[in-house]
Amino acid sequence: MTGTSYAELLRLTAPEIVVGLAGLLVLVLDLSVLRRTAIAVRFHSAVVAGCAGCVIAWVVLDKFPAQGSLPAGMLVVNPLTQLIQIALLGLAIVVLLLVDSARFTTHVGEYCALILFATTAMMLLVSTQNLLVLFISIEFLSLSLYIMTGFDKESAQSAEAALKYFLFGGMSAGILLFGMSLLYGISGSLALQPIGAAVSQSPGDPMLTLAMVMVVAGFGFKIAAAPFHMWAPEVYQGAPTASAALVASSSKVASFFALFLAFNLGLRAAAGSAAWGMYSAGWASLIAILAAVSMLWGNLAAIAQTSFRRLLAYSAIGHAGYMLIALVVHSRQSLTALVYYVITYALATVGAFAVLSALEGEGVDAIADFRGLGKRAPDLAFCLLIFLLSLAGVPPLAGFFGKFYVFTSALEGTNHFGLLWLVLLALAMSVVSFYYYLKVLKQAYVSAPVTGAPPIHVAVATRLAVWSAATLVLLLGCLPGLLLNKVATTLGSAVQ
Amino acid sequence: MLAWTIYLSFIGAAAVALTPTGRPLFARVTALLTSLAVLGIAIAAVVEGGGQPITIVRAPWISRLGIEYYLAADGISLTLVLLTGIAAVAGILFSWNIERRVRDFFALYLVLIGAVYGVFLSFDLLLLFVFYEIAIIPKYFLIAIWGSKRCEYAAMKLVLYSFAGSALVLAGTVAAYCVSGQHTLSLDALANFPFPAHFQMWAFPMVFVGFAVLAGMWPFHTWAPTGHAAAPTAASMLLAGVVMKLGAYGCLRVAMMLFPRGLDPWGFRVLGLGSWQQVFAVVAVIGIVYGATVALVQKDLKFVVGYSSVSHMGFVLLGLMTLNRIGLSGAVYQMFSHGIIAGLLFAVVGRMVYERTHTRDLGELSRIPLGRLIPFAAVTFVLAWMASIGLPGFSGFIAELQVLIGSWRAFPWLSWIAGLGILIGIAFSWRALQATFFGEGVTASDTEHPMPPITVPERLGAYLLLATTIVLGLYPRLLMSLILPALNSPLFEQLHRGAWK
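Chains A and B supply the protein sequences, listed in that same order.
Position 395 (the first sequence) corresponds to 382 in the working numbering; numbering is contiguous.
Position in the second sequence (from 1) plus 699 gives the number in the working numbering.
Just chain B, same shape as in the assembly:
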């Protein structure tokens, strides 16, 4: 049943692409219904299954190479499938007002969604890679065609970064295939194969970096802010909300699960660092602090949100590198939580604010009394920032708390610096919030900027995302009951046995 998340998205894309021109409403409704149906399937699967791996489809695909069409899901996949479902529905609601090439937009959007589901559900490495690459192409067109401000540059940059990352992943895939000699690329078989330690030592960083490029790891994050800022609202919601998670998911599912010994100590120290675990943990913390600091000085509101994403994705990577249960579950929780919150922030910034004011410059925004003109946006934005900086009661709190506890156990001194990153996060959020909605230098009168009221789809989308983050902030067991069994499953056994503490 879960496989239909993929098929239905692609069928929906084809249906939208084949609608006659001049029927934009039909394309929109088809896209919305498709994404709703897919979300329904995802919810049903979550309600039904626990965190244990379930096989969905398993059939030979390229029998000569032993490559299978193998779809399966465990709690981590389910968590991210659910996230994709919610983000997809919200994204369509927030792009209801797209007028140009509506058909193409929603078709590409659904292709991207379908590919993302494919990545999260693939349990064959090559299949995963295939979906991973399929997801890249629609991103390019979504940004280049419907984007704003230097969008062709941003789209090309994003795509080249993605392809460079996936080239590393492909190299790792081919190498793993040849080293194992098992004539298979199914993840559970490879996860149980004891790769030689010296091979894991170089395969792990290669594949990890390859995926982490898409997760916005510093110093390979620069595609993220430009891409997010140039993309149309729905695309930035998906980029920050879901696509960056593809990278983080790959880091966990492929790099860490297959090559856990790559995290072992090297036996010598360079610059005080003694293992890839420490290297990537430091890089993650640099990302947290650097993203937050740069966000503090941005003038463009979308760039503020873009850099905040880099910062928050740093928590995911830090959580992964703690290698303890609480840190890892925090990382997965953060993937979900940030997906929802980033989607919400981009929705407010891109759709509610920018498409009404046609500016994203904080200085200009502060002269418009937005708080009074569109109070709904203001309230949503305040709540979203509260969730983003990790106030209790929102999902971000649960996630970042777990990551911090985990990292406290693994590297106490890094937790202090990550904590500092949270403080800077509060500062830039405050600054952006104030400038956008509660600017002091309001010079314009209310009538100077006629504001179309917030539409129904916008409200629905905002409610959906807000409700998700609050429910998960108040009742974390909902997701934890999926994530924890998955982390305890035999798939991660080598990680448990090796570097796990």
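Okay, chain A solo, but in the shape it has when bound:
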């Protein structure tokens, strides 16, 4: 760590510092000045302050981009990580808007601060290439998310979800740390680049295999890939809506990006191959199995769900499977595809949770509760249509181009269409997914509302969140070039 100037550190982490400070500010404001004011005022001011922090960080990232890196890959800030950070900030703003109308807690400041802290953790997670910082960011993120999951103290479901999340998470953190320590043992370094060099010297090391399995398992938990997905349905269902939205959207973006970088930089030489007929052991083949299992189990189990949140959870497991295909390919193009996919996926998911949060007053949880939504709140129903069809992959919505690009990269990245089997499986499963998404839309549009049900009142902030997510999904679907070009040009500086 010699030769690190603190000025450099501050320069590179300026956006994270802004968000972190905003979190502290929200906390202090709420606990001091606003202590005795009405709960609505406290919520409004916390949300406004939080959003302001995110916006400032965004402006810093956009207008004064600082690029560079610290020794040992502690921090590697380049245009690509900054693009991801902007996406994380955008998602955090949407989630904060959802908090505005939430009334499940009186600990307003703590809750909003946790959202900002989690965002800070995610921003660090995507901009490091060092195992230590990686692990610390993951833990920082996870701890924030555990608390946020259990924040609804009145609800037993929330507590149960948090406990399950914590137990599974703690286990997997241990496994991940064990894997990382093995990697350190092999290479004598914590930075991903030297690890990659050491791994390429002896790709067949049995210790390495063990480390790889451990790291895959640890990350598999974070991204809820089957069979490490057990916590997801509970958390999606039990957690307060805004917490679930954060878990489902931005934490996915950050984890997938970090996962890709970790494997691609650190373990590239031990990738092996999952190509049909050219199978060789390595993490790519391991991940290919995870992808296949996730797609199968996520999509098939989603059919049986009656709760909308659990349905979203299982569909998230299925989507994790699609995104893992990009990891199996681990080419430059597939990283572009993955970034596009995960950002648009996060937008659609956060939108779906925003619709749920708008319906919170109605006590909507089961799919059947959506009946007549098209009559009672036409704009919400229309946005829900956009989100779910995007998740299902109907063009011209963003989700379709994500899938198209991932599949294209999978076929182009390998010789002789070795990954065709994964692509065909993904296509078959996306047909299955139409069934359960349409089941929800059928309730919204086909079934008549319960007689006498009044029109639904939606808070302004929630409506703003829903509409901005829907607009982006539609826009990125009609003009995918907007994001694709950006990702591709920034990619030049990120991966070798």
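Worth flagging that the hints you see were computed from the coordinates, not collected in a lab.
Wrong hints could be hidden among the right ones.
To be verified - Derived pair list, reagent style DSS-like, types lysine-lysine, alpha-carbon separation capped at 25 Å: (1) A:Lys50 / B:Lys848; (2) A:Lys362 / A:Lys429; (3) A:Lys151 / A:Lys140; (4) B:Lys856 / B:Lys998; (5) A:Lys362 / B:Lys848; (6) A:Lys50 / A:Lys473; (7) B:Lys998 / B:Lys848; (8) B:Lys998 / A:Lys429.
As the list claims (entries may be wrong) - To list a few chain A residues with every Cβ distance to chain B over 10 Å, as calculated: (9) Val20; (10) Ser168; (11) Ala204; (12) Leu398; (13) Ala475.
Cβ coordinates follow ideal geometry from the N, Cα and C atoms, glycine included.
Chain B: place on chain A using the hints.
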């Protein structure tokens, strides 16, 4: 100008969707005017252009992937655009009496129409796929909301079949994109790209089956009868009339045009079949005979028409698989002709008969003296069945004759079986006609079933469709002058050079 068929339909849909509630007439009139304007554009384009490909719009869309917003038309597209225009106008006329959620109905209807135009005019494979998928969603809601009898089941079945088919198409699209390595998905560039023969061998059947699901190919046809029977009249008219053509069009435009070598002989035989051409020809003939036979024993009048559609679409597929000029032009002619005739049949069955009698059961219908009560419907139905079984003077005759001549050259023995299918077609048509309008066991008196008279929109719609089929039956050059140049164009050159005989 032709691109405005798409834009205008979508604008019309938005206009209808934004009309205030409680103004059903406004929604209807807007929809009708939109579809009329679009039909006008289509006719103008047909009058103006020949069969040669014309580029309408060509602009980069997703430049990183080399995907373009590329609309173009040749004679085949124009033929089907014209069909869509006519079917759309007729469909709106026959759904004039929809009372429930009028606004939503016509908005979805216009979205579906716009997407269909988009498919027929797209010359970029991805763009085509985008429109193809957009067309699926409104179908679901049209059937599930306004349908009858098990409509949610039928709608879901139709949508899942469509999506399964389009998943195959998407796989083929992605594979073609990666194999060609040309960084483009424009159809004319891909049509000229020599894909490796072994790739075409598996890409062709995959994409062909993917599209043929929507064309009602046996054994993937089962969505069609249930979907048609459950859908509201206008939706079944569009489904049978236009949407099934999307599938057939995709088979020709994408599968056959891009992967013609996939039709070459395999070099070995399985069950006596030596190439995908023979496999699909046999499947098409099974569809013809099977559809007709099942139609013969149906009790539900709409199912009779639904299965007859499966049978008639079999002729389209058979025509495509003949791989000779007369067979292919017959197939395209049959797409048009069946679109008009199926629309007419569903209009009579769904709108004129069912909405007056509230039954589609042939046994119950035969007890109602419909022939006397609504003679206009009876006459229309008789003419429609005459056209459907391919009597000279109607468009169906020209189409099926060409297909049969073509298949006689390619596979003589299959033509015999297809001919048998026509005979069974005459039988089931006769049976349905007699039971519906000229039932012998009439027990009810005329006054027992008060029948609202046939309305003006119904008459207009029927006249439009009847006139089309008769004009094209008497003067086939009208369409042939579009279809033939298109088939001779360089786009099909690989097909000419390869398996074409």
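Output the numbers, in ascending order, of every earlier hint that fails for this structure.
1, 8, 12 and 13
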